[in-house]
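> So the chains spell out like this:
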Amino acid sequence: MRIGVLALQGAFIEHLQVLRQLGVEAVPVRLPSDLDGVSGLVFPGGESTTMRKLIHRWGLRDPILDSRAKAPRCSARVPG
Amino acid sequence: MILLSKQIVDGDEPVLPLLDVSIKRNAFGRQLDSFEADLDVPMLGDTPVHAVFIRAPVVEHVGDDVDVMARLDDGRPVAVRQRNVLATAFHPELSGETRFHRLLTTMAGEFAEPGEGSGRRRHPDPPSHDAMTMPVRAVRRLGQQRAGRVRSARITDLAALGDLSRLSHGAEARFSDLDGADVDERVRSLGLPFSTGQIRVFSLFRMPLGGFGTHDQLYVYEDAQRLAGLLRAERDNRDEWTIVELDAVDDGTAGDIRYRLVQHLLRDASKRGAARFHVACEDSGGNVDLFMQAGFARYGEEAILFRPADRPLPAPLDEQAARRARIRATRPLDALLLARLYTTVTPQPVARLEAYRLPDWERQGSQWRVPRSALTPILRFADIESYVQERDGASGPELAAFLQLGVAKEDQPHYLKVLSLPGHDPSPLIEYGLGLVAERTTRGTGRELASTFTAGLIGGHAREPAVVTAVRTYDAPLDRRLEEAGFESIATVCLLLKETLIRVAEPAMVPVATR
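In order, the protein sequences belong to chains H and X.
Start counting the first sequence at 526; every next residue gets the next number (the working numbering).
Start counting the second sequence at 275; every next residue gets the next number (the working numbering).
Source of the hints: derived by calculation from the structure; they are not laboratory data.
For every residue, glycine included, the Cβ atom is placed at its ideal position computed from N, Cα and C.
Hints are supplied without guarantee of correctness; some may be wrong.
To be clear about the criterion: a stretch of chain X counts as covered by chain H if any three or more of its residues have a C-beta under 8 Å from a C-beta of chain H, and this derived list gives those stretches [what the hints assert, rightly or not]:
id : stretch
1  : 340 to 348
2  : 563 to 569
Per label pair, the in silico range of CB-to-CB distance [to be verified]:
id : chain 1 : residue 1 : chain 2 : residue 2 : range
3  : X       : L627      : H       : R545      : 17 to 27 Å
4  : H       : R527      : X       : D657      : 54 to 64 Å
5  : H       : H581      : X       : T747      : 20 to 30 Å
6  : H       : R545      : X       : Q622      : 17 to 27 Å
7  : X       : K545      : H       : R527      : 23 to 33 Å
8  : X       : H324      : H       : R545      : 14 to 24 Å
9  : H       : R545      : X       : P696      : 34 to 44 Å
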């Protein structure tokens, strides 16, 4: 199984490390095409305002919503 | 959590409304910005979850379909689950906790199985073609190759660098006159008060020349026979690099130029063994976005406080008065106590990132990068002294406050940095520091010149020098004490950091082959 970690900003490296430690194939997600074949997506904690801008800028919002019924996701806090 | 919630109280539009909760941002308040707690999470077993909260949001309202997995002692939900979405208000990845990730993986497995269970359904279609290609095209345009290139600066670039620097400083001055314009139309820079118009620490001539020193790196962006951008980084002896200037002429592509300069630095510095990169910048002109895209983590905010040159400094404290206030110079033996003071006043996540070691504190007084602030680069041109104030603690004398003083050797403001226990009033120590500045600048040899220059540049007619200091947001009420001592806030800057290598505290513990 492959789990994606949104790697735009924030503590994504730590999430990748924890998932790999569990023996899961963890991949950083930066582009919409990175979402292919991903069963779940982790939103790391970070600055929500910045993350929002980056999600829009890199065109990730719609692809994420499109695949939402398929992919569970986890988010560690997001402050402002 | 904020990204996924359906409603953000007093906030922006939801980004990805997948979770039926309403959220309030930073609702734990300034004092409780960051804290740790052990949470009972029955779903994950008997062992409590050690949770690290950093400026966490609070869940105000939970929809019917949402399960609350964990609550704080006061009943507020901090971990929720709705169908295939799991969200926490804390950082499970920072405390060695793996159970949330394991649960997420299990959930992903369940929902990925086709046709399993009535409530679980696969998405009927793959993401549509349009949705996938349009953003990619946009991305390609962002990263498009321009005609220019990044290279190290040469002595022959001096004149062009001078122009670029003059342009950035001139533009800044022009806009600050208009008051309120925070975006510089002609040149994008880090927006630090000390590298632009207001204080002008890095004067036109020293800036490029300093770049050719052995410890500095100066990169330029060359575009059709002119220089359109520059990046200057300083390196200190711990293989830590600090980006102090990043300017680009803005003809609509300043963002690209600056991003390429940063990427070039990261590549080049990694080859030279750089382990960490620091930058402090104003949160405007896309600065923070740019560094975050380059992989920097934002870990703090600092207010820059400035004491204008025309405010008279207090008279120097005499020896006896200082002894009565229990103020003395630091000694190498204070290292442990200083480290303890620092960890007491600094939130754990910040302390973990800054990662000072005991030897850093032992060199206190000569090793000026500790404690770090947005202004530490100006200490390169200053004489550093440090002092502590003691008080009686539960188990004998303890350090209640620490003062680092940088008496300017060149035309820049003097520097003052205070660490103080929350319950302690460091006002006597601040006054002592200001008194020392007065003493050093009137009695020291050859320093009158520097202070006269400073007064002239700052625009005052007084002969007293200006003093500048930086205060972290979590240092409150230290900012009040400094304002009482004549400081006023002139800027707020973000602190960012990027680590490229995993540092090993005890190299002896690592097998030789991997060293």
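> Against each hint, give a clear statement of whether it holds in the structure.
Okay, the hints, checked on the actual structure:
no.: 1; hint: 340 to 348; verdict: violated (count 0)
no.: 2; hint: 563 to 569; verdict: holds (count 3)
no.: 3; hint: X:L627 <-> H:R545: 17 to 27 Å; verdict: 21 Å, holds
no.: 4; hint: H:R527 <-> X:D657: 54 to 64 Å; verdict: 57 Å, holds
no.: 5; hint: H:H581 <-> X:T747: 20 to 30 Å; verdict: 27 Å, holds
no.: 6; hint: H:R545 <-> X:Q622: 17 to 27 Å; verdict: 24 Å, holds
no.: 7; hint: X:K545 <-> H:R527: 23 to 33 Å; verdict: 32 Å, holds
no.: 8; hint: X:H324 <-> H:R545: 14 to 24 Å; verdict: 21 Å, holds
no.: 9; hint: H:R545 <-> X:P696: 34 to 44 Å; verdict: 39 Å, holds
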